[in-house]
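Participant: Chain residues, written in single-letter form:
Number of protein chains: 2
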Amino acid sequence: MGEFDLIRRHFQRDSGPAASVVLGIGDDCALLQPTPGHQIAVSSDMLVEGRHFFAGAEPEALGHKALAVNLSDLAAMGARPLGFTLALALPQADDAWLTAFARGLFALADRYACPLVGGDTTRGPLNLCITIFGELTPGKALRRDGARAGDDLWVSGRLGEARLALERRLGTAWAQSVGPLPCGDQRLDLPEPRLALGGALAGVAHAAIDISDGLSGDLGHVLAASRVGARVQVDALPLSPELARLPRHHQIDCMVNGGDDYELLFCAPAQAREEITRLAQACRTPVTRIGQIQPEPGLTWVDSEGHVLPLPARSFDHFA
Amino acid sequence: MGEFDLIRRHFQRDSGPAASVVLGIGDDCALLQPTPGHQIAVSSDMLVEGRHFFAGAEPEALGHKALAVNLSDLAAMGARPLGFTLALALPQADDAWLTAFARGLFALADRYACPLVGGDTTRGPLNLCITIFGELTPGKALRRDGARAGDDLWVSGRLGEARLALERRLGTAWAQSVGPLPCGDQRLDLPEPRLALGGALAGVAHAAIDISDGLSGDLGHVLAASRVGARVQVDALPLSPELARLPRHHQIDCMVNGGDDYELLFCAPAQAREEITRLAQACRTPVTRIGQIQPEPGLTWVDSEGHVLPLPARSFDHFA
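Chains as they are written, first to last, in full-length UniProt numbering: chain A, 1 to 320; chain B, 1 to 320.
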């Protein structure tokens with residue numbers, strides 16, 4: 001199987017009714033026609049074998065996750081998907097692997113009407129690079145730098161499940177006692193981007209980010225960009241039944257420093273509480289108020305009695 | 001040096017006066033504002049160490065080439081650059097390497113007003129993935145499927161120089177006798193995208209492609225997409241002084257099956273000959289008529305006396 005056969009067989013499909021795609025795979029460039037007057041949102045993520053996923057990872061889940069982490073970036077911006085490119089380095093052209101990978105990739109792509117429009121295929125150590133494009137109305141983007149003192153701090157879904165599942169797979173001692181983790185495994189392998197919620201919050205929330213490196217680190221990015229601080233109620237953090245089996249300090253560590261959550265962390269004025277609750281219900285996405293933005297820089301974790309908890313910030317860093 | 005320091009130090013710059021970039025590096029997505037009514041052209045290329053470039057390749061040239069091959073795709077579409085993302089897997093955070101890489105990258109980016117707007121940085125086997133965005137007027141794109149029987153076949157610049165330089169570096173016997181190759185080395189390491197010519201041809205030429213895998217293979221893509229054939233005058237192919245030192249059959253092989261040329265191959269009606277000559281002069285880019293599009297499928301190579309030459313097609317294929 002040659003390079004062009006590989007693309008034709010596994011990645012070129014009838015483009016279907018995606019009105020925004022003028023020209024898809026097979027030319028020097030793809031051509032997209034955004035809605036007139038809209039802005040284009042762009043994000044790129046590179047996943048490396050042995051770094052972002054285990055060697056020998058199940059390819060269908062990998063296809064899902066590679067796209068999901070990019071869709072999550074669009075969600076965090078409040079953008080609507082237009083399409084994506086896939087650049088793929090493969091040690092060899094393995095037909096069964098490619099079939100499963102493409103199945104996982106396109107199942108998610110179809111669900112969000114986000115077509116593959118182009119890319120590159122080459123031989124090399126396994127590496128997946130997806131660049132995604134979305135669109136949104138000017139002025140409505142959920143940027144990191146828009147948080148204001150007094151804003152409520154919200155998070156979607158539940159935190160820390162993927163981290164617990166990861167620690168269990170890595171053989172970490174404290175994560176072995178909790179038994180099977182169907183939710184955690186699902187969260188780790190098949191994260192669900194919060195696109196409906198992100199789109200609904202555009203123009204309502206002041207700022208947002210998706211939690212990929214852990215609540216602590218990603219909240220830190222929002223605070224730094226917005227030049228504000230935050231006070232987070234640790235006891236308000238949404239706890240999952242699987243995490244509840246752990247001792248409390250491990251629960252907190254997973255929720256605060258977890259990573260791979262792909263939940264939305266967002267800041268919104270207190271007047272928007274009812275609207276946010278209504279929007280989240282319409283999106284069938286649970287949301288929880290976990291704290292408040294403060295005028296002074298710094299991130300403070302407090303328990304339900306207001307006592308400050310000395311939590312170390314440990315965001316993931318590829319070159320730390 | 002951590003991941004975020006690395007990005008700040010080497011890749012985050014004052015965005016300057018790029019009106020099309022609403023939001024650059026540092027958020028979940030970059031935000032671009034295309035010219036109202038325009039289409040977006042998108043292309044993605046992945047360069048792998050030991051595959052697309054030699055291990056230990058000079059990083060400044062690598063920064064140039066990684067962006068140049070993407071700009072060349074925009075040129076081949078007739079699009080104007082808007083910006084690009086860079087996803088980078090690095091074995092380690094080597095400050096000197098990154099400084100030189102960024103110098104080569106930004107020198108070219110600045111020359112074409114094509115800002116870096118986002119991307120990803122991770123640890124892994126050296127891999128560079130650039131996705132580039134351009135814009136163009138609807139209906140003016142230089143697609144591969146627009147060639148028509150009777151069209152002139154044109155090529156910009158000269159072909160085969162990069163291939164000769166590559167063979168010499170690889171130690172291939174026939175390429176050793178030609179002596180130093182300053183032009184070939186320049187073409188191989190620092191290719192120049194034909195953006196001015198591509199932009200000028202939009203709306204004038206019927207079809208175009210950039211020659212990255214070799215004239216034979218890339219012309220084959222145009223013919224297949226347009227469902228036509230072509231007759232190419234081998235003696236009309238633009239020969240460089242460095243290639244002229246080779247025996248004729250090696251000259252032809254380099255020009256026909258070379259690769260890494262990043263010249264534009266385009267098809268245009270005979271009535272446009274004068275206009276094309278004028279546009280090419282205005283762009284200071286030499287162009288040569290090398291043949292004609294035929295109604296019947298198939299690619300025929302002929303000499304100046306009209307004799308058919310039996311040239312094997314040997315386009316580059318990563319998985320052949």
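None of these hints come from the bench; they were simulated from the model. Do not rely on the hints blindly, as some may be mistaken.
[As the list claims (entries may be wrong)] Derived Cβ-Cβ restraints for the label pairs, each shown as a range:
| id | chain 1 | residue 1 | chain 2 | residue 2 | range |
| --- | --- | --- | --- | --- | --- |
| 1 | A | ARG227 | B | GLN33 | 21 to 27 Å |
| 2 | B | ARG169 | A | ARG227 | 48 to 54 Å |
| 3 | A | PRO269 | B | ARG13 | 29 to 35 Å |
| 4 | A | GLY203 | B | GLU296 | 34 to 40 Å |
| 5 | A | ARG9 | B | GLY50 | 23 to 29 Å |
Built from N, CA and C at the ideal position, the CB exists for glycine as well.
Participant: If a hint holds in the structure, say so; if it doesn't, say that too.
Facilitator: Against the structure, the hints come out as follows:
{"no.": "1", "hint": "ARG227/A x GLN33/B: 21 to 27 Å", "in the structure": "holds, 25 Å"}
{"no.": "2", "hint": "ARG169/B x ARG227/A: 48 to 54 Å", "in the structure": "holds, 51 Å"}
{"no.": "3", "hint": "PRO269/A x ARG13/B: 29 to 35 Å", "in the structure": "holds, 33 Å"}
{"no.": "4", "hint": "GLY203/A x GLU296/B: 34 to 40 Å", "in the structure": "violated, 57 Å"}
{"no.": "5", "hint": "ARG9/A x GLY50/B: 23 to 29 Å", "in the structure": "holds, 26 Å"}
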